[in-house]
Amino acid sequence: MATAIPAVQKGEAPVFYLAEEHAHPEGHSTPLGFWIYLMSDTLIFAVLFAIYGVLGTNYAAGPGPRDLFELPLIALNTAMLLFSSITYGFAMLTMVQGRVVATQSWLAVTAMFGLAFLSIELYEFHHFISIGATPQRSAFLSAFFTLVGTHGLHVTFGTIWLFTLMVQVARRGLITANRRRLMCLSMFWHFLDVIWIGVFTFVYLMGMLR
Amino acid sequence: MSTSTDVRHHTGGGHDEMEPAHGSFRGYMIGFVLSVILTAVPFWLVMSNVLDDNQLTGFAIMGLAVAQIVVHMIYFLHMDGRSEGGWSLLALTFTLILVVITLAGSLWVMYHLNSNLMPAHQTRQMP
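Protein sequences, first through last, are from chains S and L. If you use this note's numbering, the first sequence corresponds to residues 1 to 210, in order. If you use this note's numbering, the second sequence corresponds to residues 1 to 127, in order.
Okay, chain S solo, but in the shape it has when bound:
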């Protein structure tokens, strides 16, 4: 592209640049860019965990974790998210093999587990609010709803994204762009499961120990 003025006329001209720009295929930097987005999301959750850690014992004479949390329900919720992680993994494996129907089926199963997780979480939130344990009740509950609610919102948008990609795959098949998008959602989905490990350990299990 660029032509350099030869600095040395005799012998070999010194080259200070790459004569040929090597190829940058479309989307080659997307995985790293998306990973860095996930890392910035990690920092959001780190701050929310820190807030919960600081405010988590300020009950304002209201209900505490032992009064509210139902561990069997949380265990069920954790199982839903873990199952959705492995089924998304199967979707990625069938995507690599180029099997459209199998990929779509596994994505649908993943979406079902994601919706089950959200339903259980919404049931839990509704139960808390109906017995007066609202976010306004105490600093503990404000921090709890902010942290767990932010994770729930991420799962909600991940599920919407999942349905969007199912439509994309149905219309255009497993083209390179769709594979890239499915790979990004895979990272997002597994990342949300990693955050949930922190939530059920730090919020629910540690809460029951207090």
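If you're looking for bench data, these hints aren't it; they were derived computationally from the structure. Treat the hints loosely; a few may be bogus.
[Stated by the list, open to error] Reference listing, derived: stretches of chain S covered by chain L, where coverage requires no fewer than 3 residues with Cβ under 8 Å from a Cβ of chain L:
#1 22–36
#2 42–51
#3 109–118
#4 190–199
Quick reminder that beta carbons are idealized off the backbone N, C-alpha and C, glycines included.
Please arrange chain L on chain S, whose structure you already have, making use of the hints.
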């Protein structure tokens, strides 16, 4: 089975190394089984009150959570020193340092703030 679906190019030059890993069936199953164990054990420890010591249980479930996060990173997110030419691991390391500073710093500072700013009448009632 495991190699047939592993599309990572180990030997290719240039941007072939940027091809993201998708893992293998075996890898996902190992990760899943380990995750189930590392999830079931902390719930069992807390729900059945096995250790009879809350502090010990707390440390145990924290350790199990860290172990499960590592399992997810390796088997589900395919994190290793080679992916993206090492840059994703570098970003992860940097993020983990910030997470530790944020969490440990906040808890440490606010704990001391709470104990130092305790109202006088409360501290007199303490013993």
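Hints, verified against the model:
1. 22–36: holds (count 10)
2. 42–51: holds (count 7)
3. 109–118: Result for this restraint: violated, n = 0.
4. 190–199: Since 6 is at least three, the answer is holds.
The earlier numbered hint that this structure contradicts is number 3, and it is the only one.
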